[in-house]
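Trainee: Given next are the chains, with one letter for each unit.
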Amino acid sequence: MRRYVVKRVAQAVGVLWAAYTVSFLVLDYLPGDPVTAMAGAGMDSGQVDPAQLAALRHEYGFDKPVLVQYTEYLGRAVRGDFGDTVSTGRPVTSVLIDALPQTLLLTGAALLLAVLLGGGLAVVATYTSQRWLRQLLLSQPPLGVSVPTFWVGLLLVEAFSFRLHWFPAFGNDGLRGLVLPALTLAVPTGAQIAQVLAKSLLTALDQAYTETARAKGAGRWRVHLRHALRNASLPALTVVGLLVGQLIAGSVVVETVFSRDGLGRVTAAAVTAQDIPLVQGVVVFGALIFVATNLVVDLLYPLLDPRIVVASDRRASFA
Amino acid sequence: MTDERENGDDVTTPLLEIRGLSVSYRTRRGTVPALRGVDLDVWPGQVTAVVGESGSGKSTTAHAVTRLLAANGAIDAGTVRFGRHDLVTLSEAELRTVRGAQIGLVPQDPTVSLNPVKRIGDQVAEVLRIHGLATRRSAATEAAAVLDRAGLPDAAVRARQYPHELSGGMRQRALIAIAIAAQPQLIIADEPTSALDVTVQRVILDHLQHLTEESGTAILLVTHDLGVAADRAQRLVVMSQGKVVEAGETRAILDDPRHEYTRRLLAGAPSLTAARPRASVSAAQADAPPLIEARNLVKEFRLPRAGGETRTLRAVDDVSLTLRRGQTLALVGESGSGKSTTARLVLRLADTTSGRVLFDGTDVTTAKGAQARQLRRRAQLVYQNPYASLDPRFSIGEVITEPLRAFKVGDRASRLARARDLLDRVALPASTLERRPAELSGGQRQRVAIARALALSPDVVVCDEPVSALDVSVQAQVIDLLAELQADTGVAYLFISHDLAVVRRLAHQVAVMRAGRIVEMGPPEDLFTEARHAYTRELIAAIPGGRHPSPAAADRPPAQRA
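Just so you know, the protein sequences line up as chains A and B, in that order.
First residue of the first sequence? That's 109 in our numbering, and the numbers climb one at a time after it.
First residue of the second sequence? That's 4 in our numbering, and the numbers climb one at a time after it.
Since the hints were made in silico from the structure, they are not lab data.
One thing to keep in mind: the hints can contain errors.
Stated by the list, open to error - Partial chain A-side listing against chain B, Cβ under 8 Å, derived:
hint : residue
1    : 335
2    : 339
3    : 373
4    : 410
5    : 414
To be verified - What the simulated footprint calls covered on chain B by chain A, stretch by stretch (three residues with Cβ under 8 Å from a Cβ of chain A suffice, anywhere in the stretch; the number is not a length):
hint : segment
6    : 112-121
7    : 363-372
From a predicted model like this one, the values you see are computed outputs, not experimental measurements.
We put the beta carbon where it would ideally sit given N, CA and C, even for glycine.
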């Protein structure tokens, strides 16, 4: 078990390194550099002294060969130092850490809603013996997956803020302010959970062991929840792990639509300003959250399914 | 039809009385009737066997009793009287008090019939809890006690394990424990052992019989194996195409089958027709040149590490064998005995740990690349499951010509001509070429698989349990076909089977394997009459149909029936 965790952490470090390297190369390849962007933003006339720009580039190290820049930055990044943001001059790490709690709250609430709504929909849709209800419920997830997040957000704001005045339309104030953005973010996520869970519930209900359960005299609800659901939850759990990445990405749109502070807003701003150190910090941070969640998911598998043995040596051969 | 005999019995009323039962399944193509007016009685304390081929409705009958039909199945007419109730008209809630408590079910496939994420003990305890026969506290201990009664060794330990940690036989015992836990009056056993090895089969059936005799529980035994039915049941019900064609005392039906279908079923059962000559099998020629010679083959697998030390499993242990041209060598043994691995080594589908394989005089032990490819061309395979071994997207023509295309033999027209010729040889009409595997029956599919194996005119065909997934009457046809093809083409077979009765009809030489070793080898007639090794005798004794239940067994010497 311990060896497994150590191995997985090593893998996670590899993923983070790859995320850093790829983002570095992509950002290096893109035309323009932050100094030009910064100068363009700072000066109204557009006339900048090339010598000053060169001095700035030298200060930030943008004039060094790519490989030297890469190793220098990587060395610092390993120690948690992603440099200073170009636009404000604050350390990247502290900007991210300041923005993190709001985003964690938002994505956490969205994930909870997604699991409850999506899971609930899947359970009810597969349990009901009313054909029309089942068809109606099962047609919702494809809809939820296909509508754009910002549109759902705007619709919810229109209905619940402007018309009904139930929830604020923007801002970071308390739980009431959290409801609409979390719901917006939960719609596509919950829809995917519902799709996977409903499918695997139907598969599980078709297995021989559910017949054994029925033959014991178990009622439908018992068969559904005690026998089928636990078996069906594994594929859904895998999806949840993957959806965390989508939630973080979705927070960019949702935080913008609802004018909330957080990692998503920071990302949007950093990209607009071509703030390369900040963008890099965001990429590595996102990768970190994603990798950590999936490690937790992998460690949860054996608790749900005893057949999955967490072992360091998976090359076991079967006779 | 059998009333006189029933009146002769000292039991006055049947425990279960099915009258005019009709069941149909709704499919995309419309409503398909599965049962048409089935009448069936099960008497208290007796074993009643329902036999028939797949599709005969025997399994549907068993499931219709407690209305455990698939979601698209519906009972259209008839009554199922059990005690004072008609189970057809009972409400779902009332029915739940019958299921598990008064009627237990032993399902077909123990490997998939237990919930994989729940402990064995909890699954047994669930029956007791549902029917209020145990409290939350006492359920665990009582479950262990029931498992013990079902013959599971170390029941208390096993109760805390999960299904995947138990063998197939042990899982079936756990399922039997679930069925008997509430001490029901009737147990419905749907092909309870067909997924198990023969030797395990016998032990399980013995135990089930013993348990029910003790408690006076009746059994409705559904089986495709007439041998099993003949051994266990006092009464026999023969079904075909959703109807009961014959019913009565087992002995009476076996000795004097009235219905033509019953006669065909009896003729097809390999275990009951051991005396039948190996019809067209060519005579064994001891001087035929050897085609495959294996010398001292060893195959070891690494096991998952436990406690730091590396353990290995010796799946094949010092196996030597010779397959002569145009002959059949059968490898017989239980699952895990190493017979399939041996075949894989011989075909170079797996690497040997040590030992040598000679193919037609050439050492192919470490053959790679072109040499291995040549070997593939001369040695082909027929797999166990014809439902899985044919690509569902290919037409039958494409399936059969695929080996020809792979080895770039001939052009399009000549390949098609070859496919037509092969179909003719396996007794399928040429129109089959255009069809898809899904449109064919299991037996037809296996014929296609055989045609595909013969496409390249190989020297040897390895048949891995080629008939065990097929109905008995179809089994006989396929075996006859294999024998005929051998006589015509001179192909040699390496025939893998767990079923000695099947092997007996085809093989020139039989090698009995156990735990990776060949324990005995010889012509089948010698093995059957004077088996030297205790394990061979055990295998022979385990063939169903070797005995009859009740006093009748005495008047037939077991050796002849074996």
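Trainee: Now, for every hint given, state plainly whether the structure supports it.
Mentor: Hint by hint, here is what the structure shows:
1. 335: holds (5 Å)
2. 339: holds (6 Å)
3. 373: violated (42 Å)
4. 410: Since chain B brings no Cβ nearer than about 11 Å to residue 410 of chain A, farther than 8 Å, the hint is violated.
5. 414: At 4 Å from the nearest chain B Cβ, residue 414 of chain A passes the 8 Å test, so the hint holds.
6. 112-121: holds (count 8)
7. 363-372: violated (count 0)
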